[in-house]
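Spelled out from the first residue to the last, the chains are:
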Amino acid sequence: MSGARAIAALASKDLRIETRSREMVTLVAMLGVLVVVVLALGLGPEAAGPRAAAILWVAYLFSGVICFEKTMQVERQDDALAALLLAPVDRGQIYLAKLLANLVLMTGTGLVITVAGVLFFRFDLAAWGFAGVMALGLIGFAAVGTLFSACSSSSRLGGGVLPLLVFPLCLPLILASTQMVLAMHEPERTVSGGYGVLVAFDIVFLAAGWLAFEFLLEP
Amino acid sequence: MFAASVAYIWQREEKWDWLAHAAAEVAVLFSMVVLLTGMIWARKAWGMWWTWSPRLTFSLVLWLLYLAYLVVRPTIESAERRAMVCAVYGIIAFLDVPLVYFSTKLMLDMHPSSVDLAPAMQVTMSFWFAPVLMLCAGLIRVRYLIARAGLEAVDADASASRRAVGTSGGGA
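As you go down the protein sequences, you meet chains L and W in turn.
When the first sequence is numbered by the numbering used here, its final residue is 319 and no position is left out of the sequence of numbers.
When the second sequence is numbered by the numbering used here, its final residue is 175 and no position is left out of the sequence of numbers.
Hints may be right or wrong, so weigh each one.
[As the list claims (entries may be wrong)] Computed from the model, here is a short list of chain W residues facing chain L with C-beta under 10 Å:
(1) Thr78
(2) Ala96
(3) Val103
(4) Phe105
[As the list claims (entries may be wrong)] Pulled a few chain L residues facing chain W out of the computed Cβ check, cut under 8 Å:
(5) Val261
(6) Pro272
(7) Leu275
(8) Val297
(9) Val304
Note that these hints are calculated values from the structure, not bench results.
Built from N, CA and C at the ideal position, the CB exists for glycine as well.
Working from the sequences, and respecting the hints, build out all of it.
Next up, the structure:
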């Protein structure tokens, strides 16, 4: 089986499980909206405007780690992972397939969260610029998250270990994207090289994840 | 720590894992010293404990990165697995460092970007580098030796109890 077909088959398997059960997307979108609502209640209408990008990030981060954990947990049921490892597929391709499934799921939940954010914070998206920055940010976040989701079963903390490992690693993404969203709304502030940081993060961690995934993957 | 992590993945020998762990502990300690002394100085010079200047943010993120390593490490029970997960995290965290640096560059700065030191201060600073580097290397070495001694003690214990079981079995 060629690489691209193997990746498509694995990713569509994960997505098919999700479309049939619809368990996780509902849970994750709900959690994300709750995070936005809690912060909106706490911060009040003064927090409106581009600074809400940070609030959206909090919701993306928490719903994201649940996504990563769940797509990996599917493989741990009934020893599915052992079968997957026996299949004649490169481990790097398994990583890319999981990443693809995670990205599709996160885009769906991210849309719900973003709509909630726009409503509650009267947040002007400056549409395409915002979407581009957040898309690059989410790709980097998913690249790191998918990699470490492979090792959460070895820790006593289980899924709890994932945010501990992933959040500190993603701080440069959050920093760069929030600064860039701020700059889009405040013309006097200039941010140069923001896209460079985001793209570099994505490339570095996609490559690192693809190479390192096999060391972390274990039934 | 990066070098030790790469060496572990390459050779799969426990000693590299101990070395990476020792280096992470010392890194957390040193960055904590930087943060705390910096905060005390900032309180005196700027009148506040903390500002989100790029340099402070950079040190804080580094501290968090390596602290996460130390927090997650003891929660993984299998020694082999722990070493592997930690080695991968060590490499990924190292790759993150330049990205953290460049992302903090995007923030508004309060620190002077370059400082011209008086000659006397330059001499003091270059003399200061040597003892700090030696202290750093010394601490890493001590932590590494402690890890090795710990494992030797566990091994000695295990073989002693095996011998005890063997003799009591022979007597019965």
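Checking each numbered hint in turn, tell me which of them this model violates, lowest number first. Going through the list in order, the structure violates no hint and respects every one.
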